Amino acid sequence: MVEGLRAYRMIAGMWVRSGMTYRTSFVFTLFGNLVLTGMDFVGILLMFSQVDSLAGWSLPEVAFLYAASVTSFGLAHLAAGSMPQLGTRIRDGSFDVLLVRPVPVLAQVGGDRFSLRRLGRVVQGGAVLGWALVAADVDWTVAKVLLVPLMVVSGAAIFVALFVAGAAFQIYAQDAAEVQNAFTYGGTTMLQYPPAVFGKELVRGVTFVLPLAFVNWVPAAHVLGRPYPLELPGWAAFASPLVAAACCALAGLAWRTGLRSYRSVGS
Amino acid sequence: MGSARLYLAVAARGFRRYASYRAATAAGVFTNTVFGLILVYTYLALWDERPDLGGYDQAQAVTYVWLGQCLFAALAIQGGGVEAELMERIRTGEIAVDLYRPADLQLWWLAGDLGRAAFQLLGRGVLPFLVGGLFFPTALPTRFDTWVWFAVALTLAALVSFGIRHLLALSVFWLLDGTGVSQLMMILGVFFSGMVLPLNVFPGGFGEVARALPWAAQLQVPADVLMGETAVAGALAFQAMWAVLLLAAGRLLQAAATRRVVVQGG
Numbered sequence: 001m002v003e004g005l006r007a008y009r010m011i012a013g014m015w016v017r018s019g020m021t022y023r024t025s026f027v028f029t030l031f032g033n034l035v036l037t038g039m040d041f042v043g044i045l046l047m048f049s050q051v052d053s054l055a056g057w058s059l060p061e062v063a064f065l066y067a068a069s070v071t072s073f074g075l076a077h078l079a080a081g082s083m084p085q086l087g088t089r090i091r092d093g094s095f096d097v098l099l100v101r102p103v104p105v106l107a108q109v110g111g112d113r114f115s116l117r118r119l120g121r122v123v124q125g126g127a128v129l130g131w132a133l134v135a136a137d138v139d140w141t142v143a144k145v146l147l148v149p150l151m152v153v154s155g156a157a158i159f160v161a162l163f164v165a166g167a168a169f170q171i172y173a174q175d176a177a178e179v180q181n182a183f184t185y186g187g188t189t190m191l192q193y194p195p196a197v198f199g200k201e202l203v204r205g206v207t208f209v210l211p212l213a214f215v216n217w218v219p220a221a222h223v224l225g226r227p228y229p230l231e232l233p234g235w236a237a238f239a240s241p242l243v244a245a246a247c248c249a250l251a252g253l254a255w256r257t258g259l260r261s262y263r264s265v266g267s
Numbered sequence: 001m002g003s004a005r006l007y008l009a010v011a012a013r014g015f016r017r018y019a020s021y022r023a024a025t026a027a028g029v030f031t032n033t034v035f036g037l038i039l040v041y042t043y044l045a046l047w048d049e050r051p052d053l054g055g056y057d058q059a060q061a062v063t064y065v066w067l068g069q070c071l072f073a074a075l076a077i078q079g080g081g082v083e084a085e086l087m088e089r090i091r092t093g094e095i096a097v098d099l100y101r102p103a104d105l106q107l108w109w110l111a112g113d114l115g116r117a118a119f120q121l122l123g124r125g126v127l128p129f130l131v132g133g134l135f136f137p138t139a140l141p142t143r144f145d146t147w148v149w150f151a152v153a154l155t156l157a158a159l160v161s162f163g164i165r166h167l168l169a170l171s172v173f174w175l176l177d178g179t180g181v182s183q184l185m186m187i188l189g190v191f192f193s194g195m196v197l198p199l200n201v202f203p204g205g206f207g208e209v210a211r212a213l214p215w216a217a218q219l220q221v222p223a224d225v226l227m228g229e230t231a232v233a234g235a236l237a238f239q240a241m242w243a244v245l246l247l248a249a250g251r252l253l254q255a256a257a258t259r260r261v262v263v264q265g266g
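Chains as they are written, first to last, in the numbering used here: chain G, 1 to 267; chain V, 1 to 266.
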């Protein structure tokens, strides 16, 4: 574990230096990342230029959901955002090179093509979060104040688990790598909108089966004092770290299983 | 005549090349369907609050969503068509090989991209559209000629789409790394094509500008032609104007690039 983190840091550092070679492009992409990920929020602002509320949620409340989802996803994407490209490495055979190095494979895959420009999303999400916290009408208590950072960190861990599970899936699926986008990018998009917008079945699915709801919906509903579409016990709002730990454990298991059954393309 | 056959062959290869990744296509269908579902629910909530928003009723808003998912890959709205390959070839210097082929560089890449677009429309776009039509109320035309005009609008949209991406890809001759440009293309493409929200809903002067930009020719105009929300002649003229402008600009830029720029990696 310690060795893995050290290796991850070294690989990430190498990619940061390499990314700085094309400096104009780096500045462009850092800024681009900020704007690109902010476009979803501009979309939400445009919606609210036409309506006062969405399924009963006001703009600051939706902004809170949006920011929590984007910040968590941004942190996960910073840490593990290259995992979706694992399929390319498997196809061209360069994945085999990672296997023979005396370094944990997951650290290599995670640190691969690490890029600081992904900070754009985190910065943008953090800024909206700051605004939403001030603008939303919240009855602040100590527990709620503590819940906000807990929610963001747990959410990031849930998304990292999703990236790792996606990487494991690619060992089997290879070309079908895009399926994971439906869960990662699709997940973060869905969580930007109030749960009440979606069908009950869908909400049930992302609460109990693929527990994305614990990234922000469930804790945010508690912070904002909004009813959650499903009956959940009171402690559920604080359960995100447990859910995240379980997700990471399952993802780790999936990764090990995938790695064991990996067969090279032989080129 | 002989050269027309050449470009047809290039287009056919483009089609077959993408057709050979079946698992990737199935994955794409799945992803587009999931995104369509998410968007449909948010649009339904939005149109619940404001019926008739942007001149659409709920069924039209739903149709718009599924059309967007249908065209997303075919028109490479966030990039990922042949321009990605063109940029990589410029970066590595392999473009030198393309330059001494006895074929027109722009037409060569255009033909390849149209072949790709045709496959992604049929292989990847149609299914999410059908799923959407099956499970949600949609507003599709019953008149045959509307569908014909829609097909013309799609063809023009494909030309505009290539025009935009070709121009941006050529900038790599000067920038050398295409990551930043690709990102710019993604931002502008997704937002100004109306993938986030129909351009009809954009308010005030900002909306006017957005509806006049070339990206409007990609999704908004074909959608309005399909749902009878616009005068067909004007809509097609708008698309044709942008297609001609962009392709001409691409030619000029390409000429400048190949005259002045030293190929990398020689």
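Keep in mind the hints are simulated off the structure, nothing from the lab. From a predicted model like this one, the values you see are computed outputs, not experimental measurements. Virtual Cβ for every residue (Gly too), placed ideally from N, Cα, C. Just so you know, not all the hints are guaranteed correct.
Label-pair restraints from in silico Cβ distances [stated by the list, open to error]: (1) V:Leu213 <-> G:Arg260: 44 to 54 Å; (2) V:Val148 <-> G:Leu242: 56 to 66 Å; (3) G:Ser94 <-> V:Leu176: 16 to 26 Å; (4) V:Ser3 <-> G:Ser49: 21 to 31 Å.
A few chain G residues facing chain V, derived, Cβ under 10 Å [to be verified]: (5) Tyr22; (6) Gln174; (7) Leu202; (8) Ser261.
So, going through the hints one by one against the coordinates:
| no. | hint | verdict |
| --- | --- | --- |
| 1 | V:Leu213 <-> G:Arg260: 44 to 54 Å | holds, 51 Å |
| 2 | V:Val148 <-> G:Leu242: 56 to 66 Å | holds, 58 Å |
| 3 | G:Ser94 <-> V:Leu176: 16 to 26 Å | holds, 24 Å |
| 4 | V:Ser3 <-> G:Ser49: 21 to 31 Å | violated, 51 Å |
| 5 | Tyr22 | holds, 4 Å |
| 6 | Gln174 | holds, 7 Å |
| 7 | Leu202 | holds, 8 Å |
| 8 | Ser261 | violated, 17 Å |
In terms of the numbered hints stated before, the structure departs from hints 4, 8, listed from lowest to highest.
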